Each structure stands twice: as C-alpha cells, then as structure tokens.
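Line order of the protein sequences matches chains A and B.
Residues in the first sequence are numbered from 1 upward in steps of one, following the working numbering.
Residues in the second sequence are numbered from 1 upward in steps of one, following the working numbering.
Don't read these hints as lab results, they were simulated from the structure.
Please read these numbers as outputs of a predicted model, since none were measured by experiment.
Ideal placement from N, C-alpha and C gives every residue a C-beta, glycine not left out.
You can trust all of the hints, since none of them are fake.
Looking from chain A toward chain B, a few residues come up when the C-beta cut is under 10 Å (computed): (1) P227; (2) L228; (3) R279; (4) Q306.
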Amino acid sequence: MSNSLTSSHSLTLAERGRLSTPPARRRVVAITGAAQFLGTNLVGLLEEDPNVRKVVCLDTEAPTTAGAKSRVYNVSLTEGLAEERMAEILSAEAVDVVVHLAFLDSPTHSAAFAHELESVGTMHVLNACRRTKVHKVVMRSQTLLYGAHATNPNYLSEKHPLRARRSEPFFADKIEAENEVLRFGRPGQGRIATVLRIAPMLGPTVDNFITRYLSHRLTPTVLGFDPLWQFVHEADAVRALRLAALYDAPGVFNIVGDGVLPLRTVIKLAGRTTLPLPRSLASGITTALWLTQLAEAPPAFFDYLQYICVADGALARRELGFEPLYTSREALIDYANAQHLRDVRLLSETPA
Amino acid sequence: MKRKDKRPKRDSSANQPARSQPRPNKGDRRADGRGTAPNSARAEAKSPSNPKRKARRTGRSREPAPARHEPGSARREPAPPRREPGSARLEDRRIHTPEAHFDAASAPSAVLDERTAVDQAGLSDTGIDSEEAFELGIGARIVPPTTQYGEAFESMPPPVQERRTGDVEAQIRALEARLDGLIRQRHFSDPSAETVSGDPVPERRAELVKTDSSPPATVEQPEPPASDFISRKWGRSALRSRSEEFDDFGLDPSFEQRVKPLVEFLYRSYFRTTAEGVDNVPAEGRCIVVANHSGALPLDGLMLRAALRIEHKQKRDLRWLAEDFVYYLPFAGVFMNRVGAVRACPENAERLLEKEGIVGVFPEGVHGIKKLFQERYRLQRFGRGGYIRLCLRMRAPIVPCAIIGAEESSPLLYRLEGLTELLGLPYFPITPTFPFLGPAGLLPAPTKWRMRFGEPINLDNYGPEAADDHVLVGRLSERVRSSIQSMLDSGLRERRSVWFG
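Chain A extracted, bound-state conformation (with noise of 0.2 Å):
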C-alpha cells in the first residue's frame, strides 16, 4: 500500500517550480481523523518528511503508520468537551497546522452522527483553532458537493456555486463545514484556510462507495444517460493534502486527475457490466435498498450517473502547484487490477 505513496514522495518538478521555498521552520501539523484511509497514509507520508517537526493524531484510534514521530491522541469530535480537549492539546504541541480529515468518506444512515462529527465537528475544530492561534487549517472537501446537473459546465471551476442537494445530509453537512472554514479564513484576520476538492478517490486500497459501486458484477445505470466522470487517484489525494499542509496556498482547489471517462467506459473498464434502469424504476429499487441497509447510496446519488459533475484541477496546478501522477483513466484501471485480485480471492488484506 505505502509503495505507491512513497514513491510519491519527493516534489515533482512543477511542484518545485513555484513552491521553491520550504516552510520556515519544520512544522507540526496535527490531523483529525487520522485513523481514516486519508489520514493514515498522511501520517506515513508525513513521518517522512523532513519539512515535519511533529504528526499529532487526532481520532478515536491510533492511525497503524504512526511511528517516531508522531504523538496519538484519543479525540472524539462527537463529545462536547470536544473543543476544550482539542485546544489543550493544540497548545501543549505547538502545532502549526490542523489538517481537518474527519469526515465520512460515504453516505451513512446515522445522519445525526455525520452531522454531530462533520458540521459540529468542524466548529469545534475551529473554535479550538481560534482559541490556541492555530493560523491555518486545511480541509478534505469533495468535487461531488457541487452537484450532477444537466446544466454544469463540463469543467466546473473553483468560483461555481456548490449545488449538490442540501436535502442531503451527506451533502449539507459538507458544505456547511466548508463555509465555516472558508470563514475561518477570511481575509484580514491573518489565517489561511485550505479548502481540497477531491475528485471520487479510486486506487488499489481505498474503500468507498464509488468502489463499492463498481465492484458489483452488475452495475447499475440510468437508461438513456452516459455522464462524464473523472477520478483522483489515492495517492495524488494525499500528496495534494500534504502540499496544502506544508506550503500556504489559501483558497479553494479542485484536486482531480486528468481526463474524463463516460460512465460506460467507467464500468466496462472496472470489468463489471451495465444494468441500465429508467431513473424512477432505479430510485424506487435504491430507496427500498436504502432503507434495508443494502444499497451502498440513497437513491439521491443516481444524479452523478444522470449527469454529469467534472471539476478542472488547473488552479491547483498553478496556486498549489500539485500536478497529478495519475491520469483518471489509470486511477481507475490501478483500482480495477486489485478490485480483480480481490474478486478472485487472491489478495485478502481489505481495503481500508
């Protein structure tokens, strides 16, 4: 798992390009939900680096790639003594940057958690940053908040509207936690704010819906409608997030790879075969799938197989200087050849 990241590891040559300047001094950089797919291979990456002076773990459970560098801490951002318990470890570890993580990576049915943990999770974060000067945090945020519509441009800039259904909760409590962080670091009061909008993850080890999504034989699609999509593969994800963490690019990225993918192609690629289904048959079969556990989406998600939702990574290609080591085409076929292994029972170890 760790080789594909590792080998990630030094800065590629347009990543040097405007980022020639390392940080000032080695950095802290505490993570929430550190124990997470994103987060643990962020401390690995991290543990590394040189540029690193300290990896302070944040989550219920220690990340499995901590190592010398890095101190664990037991924090549930669900409790309300949340915030006072952040701060004093804020403070006791100097930490110079928050790198928000905790977030679920796909749709839940305890939505009342998901809120306690993404939106109220986030203000407690902040708070704690407010209170300890902590002057820059960085987010995981999604490319699917800005909504699969007939009418999306087929790049969608940084500067569109998010307009993924606030019916939601998956959706809401995402958005709402990222205006608070982007109001976290408006300008003038000196913070930097760090938002990434990280294209569908696909890779050998990472585990969502969208994997979950294609490794079933039959796959499910809308009658009549082929979408665009494009990937990010795992580890230019968690290169993305320590860019955004070592150097200071405030705003708003897309984090994607290049290139689009028909759904279709997405599909025959992954070796599975399309089940096309008239939208409201589909959405009548997923809410009862829903609402039996079965279904890995509410049947709100057949937008993003309707229409379509594709993000353009340039400005993080200029700001941040992240330049994508995998095409979406070559994310999707890395995920597919371990998705194989693993139908075939050659490869045990479950993805995380």
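Following the hints, complete the assembly by docking chain B onto the known chain A.
Below, chain B alone, put in the same frame as chain A:
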C-alpha cells in the same frame, strides 16, 4: 460439429495451470473428454511437428529437472509414441506441484495421450514456461491480454498437410484434424497470457471456453479482430473497439467514425447540401460560426460540422453549442454529446476557443427551433448577445452563416406547450407527419439544403473590456443578425424550388 463442441472443454482442462487446482478432478474430466475421440488420423497428422517442438522445449527450460526423461530417446520407441512427452511434461510439473505426481499415477494412458495432443498443438508451451509463470506468481494474473509474447506464434505447429489416400473417409478425417488444429490455434494464439496465468476459478473458465464457437480463422491472421471469448473473460479488452480517450467534452471519435456514413449520407444524398463560401472560415485559429436555427429535430449543428469536415480545405473541426434541454433527454443528450455537441455555456465555449477551435453558435436558441412554419427564415431575437461578449473577450472573428432548406425539412405546424413539464421538452412538436406516423414522423423531409458562409466580421478593434458595454454588445449582435437575415433573404429569392434548389 460434435467434435468442435467438446474440444474446447478438453483443451481448457488440459491447459489448467499447475497451481492451486484440485488435481484428481482434472484427471477425471480429461478422461471424459478423451473417451469420445480416439482418432488415429488426427494423431498421425500431428506427428510431423513433434521433434521440433521437443527440441525447443528442452532447450528452453531453465532448470533441467533430474527426474525428466530424455525426450529424444523416448520418442524413438515405437510402442508408446505419444505417452512419453506427456509423462515428461508431468514430471516437469511435479517440480513445483507435488500433487502432480498423484495425478500422473492415477490418470489412465488416455489422459497422457490427451496431453500429447495438446502439447503438439502448441498449447502448453506458448512462449512462457510454467516455471516462469510460477515465478511471476500473482503478477502473472494481471498481464494485460494485449501482451504478445514473442515466441508465442513461433511455437505454433506448421499447418498440417493433407494426405492423398484415395479413401474418402480418410480424407474427411484429415480435413477434420486440420480444422481442429486451426480451431486450437485460434483459441490460443491471442491470449498467450492465459497459459501463463493461474486461473483460480476453473469452473468459470471452462464454461467460458465452451461458449466460444466462432469459425476457425485463417492461419495468416495473427489475431482475430474481435472475440467473444476475450471480451467475456477480459472485459476490458473489449474496449479496444471503443476509443482510447474521449475528449474533454465527451466526443467519442470511434462512435463518430461509426456514425460517419450516416452523416455523410444525410449531407450528400439526402439533403444534397451545397456549401458556398466555406473559405470564409479561417484555415486556422479560433472562430465562431453563427447560424440560423431550425427544425423540430435539430440536425443543423450536425450538418454544419459535416460541412466543414467535408468541404473545408483544412477539414476544420467545428463543435456546436446545444441547448440545455437536450441534456435532460435520455439517449438524445448522450448521442449529441458523442458526435460533437457541447452544452451551451460560456465556460465551455471559452475552453473550446482557447484551444483554437471553431464553435458553432445558434443564438436563436430554443426560440429558433420553436419557430412555426409560417415564421420560417425570420430570425428570432439573438438572446442577450452572449456570443458577442464571448467574441470580444476571446478575440475571435465571427463568420455568419445562413442555412437555407433546413427550416422546411421538419415544418412545425403547432407546438403544444402544456406537456413541457411532463416531457422535459421545451415544447411538443406537431408536424405534418409527427406524431401521426409515430417516431418515424420525426424524419426530416428531403429538402435541398444550402449553406452560405459570409465574410468574417472582425471585432478586433474593440478591446476585451467592450464585453461589458451592453449597448455596444446589442448593436454588434444586431449587425450580425441583419447580415444573416439578408443572406437568408437573398438566398430565398434565388431559390426556385424547396426540393431541388
């Protein structure tokens, strides 16, 4: 074709990799397959290829097993001529799988004969030894099916010679044997990775092989163009027929290639389109082509693209901007997208122009295709002049274009606006043929089309900041509109017949 049906099954079992299989099972299955086809003619026919193959194999094996027979000497014995290579093969396998020994002991001689046949047909030895495959381990599984191993084709036996015996039955046998050889080559010539990889799901494999009943290919053909088997087993190689990369806006070059004959038929034979002044479209660089819009089934964008493809010296690639409602429709949106339409919005148009492309614009928009028959060739209002703003910002010249004939090809008698919510359409068209003739009624009438491209209008003397000057934008838009309207009027005056031009 009884024989043809069962042969693949046997091949598949004989060709199982030397790992992780329940051995005794295999022996049984092989014996079953064997019992029905003892064919001396075939065995004889195969024998010429034998010595060469033996030499190759022994020469190439990396670690000569001490237990292995001397293959050359074994072959010289007359009595069990087919047994020896098979057993050598078995011991060969025993090096890495101890179970193989059990198999060798329990299998009847028929099994060994089977192995020989397989061996001679060049199946078990396609380029990579089983040792090698074993070393490759899991990685061997993900060797892409397109990989060609250099030696895979060399190790095929030469085509079997027919024999003149005079006996009709013998001739038939010989022909059958030859056919079998060809089928086998066909099966195993392309996915050479198959022999390398261990297949952990033998049952599934067996049934997949069985389904391949395509006719034998000629020997010269290195690889069959398309194979059911390959697309079933390795779903993603079936993508070779799909284009490797889609462009940013969803144009699918291979799909367009397939639709091309239809588009060219429509352009040349059906509408008998003539294009005048195509050279007014610049040979290179960005440009916006502005045209009148029409038709219950808007084909004018597609024809405009075809016109520049076919008539323009540089075969310019025009992408036209399609109205939003198209993208809400099932099938239509995807089809339009794959053949070159782009959703009409400033971001997309800017992106296209930044790549020095040509953008086709129908500023009338939905109002253009909503025009009733009696309003034909009367240009509707040109939106809010967004295309002028685009020109000013991107510094692109405008080429006005009048399309004559399109507005009669699907005349709109009436539009039902009450159904819009229900259907997601801007209106429900009533034409002389639709909906009375069903979907066939949407077919456009074969009118004669004429496209006239006017002199390019250059807006370079205005700076990009002029895009914010609403009065100027309105004036420029009106200028473009009137130039297209006058081209339409003069074209209509010259036209004698709707059908023949």
